[in-house]
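*Asks:* As a plain string of letters, each chain reads:
Protein chains: 2
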Amino acid sequence: MDNFYFVRFCCDVIQQFNLLLEYFYQSSGMELQKMAVALVACLCLLVFGATTSQAGHPAHPDPKLINPLRIMPEASSGDSVSVNNCLSWRLTVETNNKRNWNGVPEICGNYVAHYMTGKQYGYDCDAVVDIAIEYVKSLPIPRDGRSIWIFDIDDTALSNLPFFSRPDVFFGVKTDNAELEAEFYEFVLTAEVPVLEATLRLYQAVVEAGIKAVFLTGSSERSADARDKNLKAVGYHTWEKLILKPDSVTTSVQAFKSEVRDQLVAEGYRIEGNIGDQWADIVGSNVGRRTFKLPNPMYYGYY
Amino acid sequence: MDNFYFVRFCCDVIQQFNLLLEYFYQSSGMELQKMAVALVACLCLLVFGATTSQAGHPAHPDPKLINPLRIMPEASSGDSVSVNNCLSWRLTVETNNKRNWNGVPEICGNYVAHYMTGKQYGYDCDAVVDIAIEYVKSLPIPRDGRSIWIFDIDDTALSNLPFFSRPDVFFGVKTDNAELEAEFYEFVLTAEVPVLEATLRLYQAVVEAGIKAVFLTGSSERSADARDKNLKAVGYHTWEKLILKPDSVTTSVQAFKSEVRDQLVAEGYRIEGNIGDQWADIVGSNVGRRTFKLPNPMYYGYY
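Quick note, the sequences are listed as chains E and R, same order. For the record, in the first sequence the residue sitting at position 54 is 59 according to the numbering used here, with numbers rising by one throughout. For the record, in the second sequence the residue sitting at position 249 is 254 according to the numbering used here, with numbers rising by one throughout.
Think of the hints as simulated: they come from the structure by calculation, not from any bench. Some clues are possibly wrong.
Since the list can't tell identical chains apart, any single copy or any two copies may satisfy a pair.
Said to hold, decoys possible - 27 Å max Cα-Cα, derived DSS-like pairs, lysine-lysine: (1) Lys-217 <-> Lys-103; (2) Lys-124 <-> Lys-179; (3) Lys-124 <-> Lys-103; (4) Lys-142 <-> Lys-103; (5) Lys-103 <-> Lys-250; (6) Lys-103 <-> Lys-179; (7) Lys-246 <-> Lys-142; (8) Lys-179 <-> Lys-250.
Same shape as in the complex, but just chain E:
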């Protein structure tokens, strides 16, 4: 057991206890004595656990840890000073308050890792898709075959989590560079990128409602075969169009996607809905009758 992790674990526990005790105090406003006794006893046990645990293992002194109790900003609960509060940071990202950011703040790396690999990310994707499916079911779809739904691919139809969980990427803490970009391209070319389950569920509801799927991605056209194969392999069996970005297009993903949507509308399609994990997917022109934003705290549209 690593001392560093154990101490941080204890910090987390103490912090959670404080929060809950405060919450409890606000709720009842009395009879805290027994709770305080239980709390103190628990803390004693934790300290005892830490001591005996440390005793049984070789020490790994970390020169950075002058006072481990001060590393609260890295705690997954995120209840800390504003500038290092990772819950706040994620909210500003997801609400498009923070823009054009490049890389997850190092201090929020563990928080994002925990969020992406824990249950909450899945819950959040499901919550968005539940609303989208409810909307799909409410739509009157004319039987003229002109209704389409636009799906982004990366971290929307498919999940790049296996790539972003690599140690040399660490959930977006390590920012892009030529080497990483090349590695990501290789990852795409494997055509083994896993499905994002929630989006597949939406896709099924969309197709069932008589709306045609259009996959629109900022990925290079050079990956067209891999993407085609990948999408089909994970369950996206049919679509009206699969549109990738030609290498000749040098505008931003947002501008590229807007132009494509303008063209689709000009061709007589009705964009009933549009889902992506990036704001660049759902702002601009002809965004669609309604847009849906999936969470993604790992990057801001730089691929």
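We have chain E; now place chain R onto it with these hints.
*Replies:* Frame of chain E, contents of chain R only:
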């Protein structure tokens, strides 16, 4: 001490322990025995506390509580099934995935209460304002006096928290009706609505940068005197315009605000920024050079 709250508190603690243990397990992958012993001991203590606490107080049997251990969805940590996950619910609200909702789900009432009265709401407002101030400082402002910044009032310039924390409103769980609306109007007319600290900080940076403040609100013009007095009393000393909604306007707040902004632009003003707590404040036409969304999980623009 209320049994109901105590049992929920225990649920919270157990849930947090499980989460942290899981996190810890993922981090270290070994030496769980000592932690498990400490955990079990803590749980025993908590159960002991619950028992003695209950014994010392008169029972308040709640007929709804068939099995108190099943009320996990109400826990403030929100780690529960998707449909009742209040963290997910708030994210869908703040990202404008969920729209036109009317009232906080009853199951998320305690979560929202905890969020609004705890520290995180303040941290989140500060995080948005920090980004806005950074943006303000980056702006080249021409010295022609035509640069303006649009501030919404309710839950942006001022905080309606004292009203929403009333038991008969309970942070937005109790939805609007004629009676509540009349009560809210009375609250506004007191002209004693407190400041939202973060927004005042932005206001000061905006004015200092040579940008003029424009307060734009969906509140009725009948409250003009109260709003004027209230804004000045809390520190918004000067402004270019204070625009309230005339009773003759029957369109939505979003349409009303868009029309006003169109008019301001037609008059030659440049909207350098625009901040509000509702998406209705920052979508539509002429939204401004950049928009900022403050959190508000209590209502969706129905006042």
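*Asks:* With reference to the structure, classify each hint as holding or not holding.
*Replies:* Checked hints:
When the C-alpha separation of Lys-217 and Lys-103 is checked against a cutoff of 27 Å, the pair qualifies only between copies, where the shortest distance is 23 Å, while the shortest distance within a copy is 33 Å. Taking the shortest Cα distances, Lys-124 and Lys-179 sit within 27 Å of each other inside one copy (23 Å), while across copies they are farther apart (30 Å). Taking the shortest alpha-carbon separations for Lys-124 and Lys-103, both the intra-copy value of 25 Å and the inter-copy value of 21 Å come in at or below 27 Å. Taking the shortest Cα distances, Lys-142 and Lys-103 sit within 27 Å of each other only across copies (15 Å), while inside one copy they are farther apart (33 Å).
Taking CA atoms no more than 27 Å apart as the test, Lys-103 paired with Lys-250 passes inside one copy only; the shortest distance there is 26 Å, against 30 Å between copies. For a Cα distance limit of 27 Å, the shortest separation of Lys-103 from Lys-179 inside one copy, 18 Å, qualifies, whereas the shortest one across copies, 32 Å, does not. Taking identical chains as interchangeable, the C-alpha atoms of Lys-246 and Lys-142 lie at most 27 Å apart only when both belong to the same chain, with a minimum of 22 Å there against 44 Å between chains. Taking the closest pair of Cα atoms, Lys-179 and Lys-250 come within 27 Å of each other only inside a single copy of the chain (25 Å); across copies the shortest separation is 49 Å, beyond that limit.
The structure shown violates none of the earlier numbered hints.
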